[in-house]
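With chain D's structure known, arrange chain A on it following the hints.
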Amino acid sequence: MRKPIILFAVGLTMFMAACGDNKSNRLPILGHRDAETKTVDGKEVTDTVYQTIPPFKFVNQYGDSITDNNLKGKIYVADFFFTSCPSICPTMHRNMLNVYNAYKADDNFKILSYSIDPKYDSVPVLKKYADKLGISGQSWWLLQSGKDETYKLATSYLTSVAEDASVPGGHVHDGWFILIDKQKHIRGTYDGTVTTEVTKLIADIKTLQAEPEQRVAQ
Amino acid sequence: MRAVWIIASFLTVVIAIASCQTAEDIEFKRYYTAGLVEYQNHCQNCHGDKGQGLAALIPPLTDTAYISRNKNMLACLLSKGIKGKITVAGKEFDSEMPPAELAPMEIAQVLTYVGNSFGNKVGLISNDDVTRDLKNCR
Numbered sequence: 001m002r003k004p005i006i007l008f009a010v011g012l013t014m015f016m017a018a019c020g021d022n023k024s025n026r027l028p029i030l031g032h033r034d035a036e037t038k039t040v041d042g043k044e045v046t047d048t049v050y051q052t053i054p055p056f057k058f059v060n061q062y063g064d065s066i067t068d069n070n071l072k073g074k075i076y077v078a079d080f081f082f083t084s085c086p087s088i089c090p091t092m093h094r095n096m097l098n099v100y101n102a103y104k105a106d107d108n109f110k111i112l113s114y115s116i117d118p119k120y121d122s123v124p125v126l127k128k129y130a131d132k133l134g135i136s137g138q139s140w141w142l143l144q145s146g147k148d149e150t151y152k153l154a155t156s157y158l159t160s161v162a163e164d165a166s167v168p169g170g171h172v173h174d175g176w177f178i179l180i181d182k183q184k185h186i187r188g189t190y191d192g193t194v195t196t197e198v199t200k201l202i203a204d205i206k207t208l209q210a211e212p213e214q215r216v217a218q
Numbered sequence: 219m220r221a222v223w224i225i226a227s228f229l230t231v232v233i234a235i236a237s238c239q240t241a242e243d244i245e246f247k248r249y250y251t252a253g254l255v256e257y258q259n260h261c262q263n264c265h266g267d268k269g270q271g272l273a274a275l276i277p278p279l280t281d282t283a284y285i286s287r288n289k290n291m292l293a294c295l296l297s298k299g300i301k302g303k304i305t306v307a308g309k310e311f312d313s314e315m316p317p318a319e320l321a322p323m324e325i326a327q328v329l330t331y332v333g334n335s336f337g338n339k340v341g342l343i344s345n346d347d348v349t350r351d352l353k354n355c356r
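Protein chains in written order, with this note's numbering: chain D, 1 to 218; chain A, 219 to 356.
The hints are simulated quantities; they were obtained by calculation from the structure and are not laboratory data. Treat the numbers as computed from the prediction; the structure is a model and nothing was measured. It is possible that some hints are incorrect.
Each computed SDA-like pair below joins lysine to any residue, with the alpha-carbon atoms no more than 20 Å apart [as the list claims (entries may be wrong)]:
#, chain 1, residue 1, chain 2, residue 2
1, A, 268, D, 199
2, A, 298, D, 108
3, A, 303, D, 134
4, A, 301, A, 276
5, D, 132, A, 300
6, D, 132, A, 289
7, D, 132, A, 321
8, A, 268, D, 50
9, D, 127, A, 274
10, D, 132, A, 306
11, A, 247, A, 321
12, A, 303, D, 84
13, D, 132, A, 323
14, A, 268, D, 195
15, A, 289, A, 240
16, D, 128, D, 65
17, D, 132, A, 311
18, D, 38, D, 50
19, D, 128, A, 250
20, A, 353, A, 310
Bound-form chain D, shown alone (with noise of 0.2 Å):
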């Protein structure tokens, strides 16, 4: 009479370890995605092609130009800010204080903060805020470049992940952290204003290391 409780409750572990085992720790791979089709020892194979972020070349707060060849071999998060700011930039920068405290000894990550003000935020002015923020060394660049260069970048960054990441007025105005992989890809995209989505995305960032296409160098 006990039997089919005991394989019942046999069929739901297994059931619920093979749902856990599917997941397995993995992040998905956002973006556009496109199939490829070619032709491999005769045989049609179908690739799915990722969106990656494009190549880019901006300056960081020391002046130091900074381009996609610096990021080689690097899993970073990306978000866009300026620092004359009066609304969401304070609070996504204290929360992305979290994230540099919890990776900044860690040569293979890094945080870029690409300025959608940059005429107003020349180097000198990056580097005060970066002084007064109380981040130093090469784990958290403050980037500026062109305000179309940055802006069509944003698109790259944002609008495949975000639905209204249509720009209205001046500023680009969302306060998305973008987690990009050694490959470029899309991994992640967390709301920078709301503490427990951070807190994701810095377990998140782990959870991507542990990739075995993560641990290689590129």
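Same frame as chain D, but now just chain A:
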């Protein structure tokens, strides 16, 4: 019978006193809870949910000595904004706070909230207090 009357009137007085205090309490609570919402909408971005500020960019609201010393100046600080060097919690800040676009009553509410949160305890800052303080802004 007399004893009942004495007890009854005694009770009435006690209740009157108690409810008198409660009326004040209720007024304070009304300011404080409205102030919490004002704070979340107008201040929290910069000063943080715990009044912690942001590094050397934005000062904390936890310097109880600063808040109580400047109790009558706070309304002016909010309505005119702050620019230039100030020392808070032993650290120098040289940033800028934009003027808050708030009515005197809202300033009173948010100051009652700030003045009685994050370790501060300056009591009620009423609409009348703020109206008076705003006349003396420099």
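Margin query: Need the list of violated hint numbers for this structure, in ascending order.
Written below: When the structure is compared with the hints, numbers 2, 6, 7, 8, 13, 15, 19, 20 turn out to be violated.
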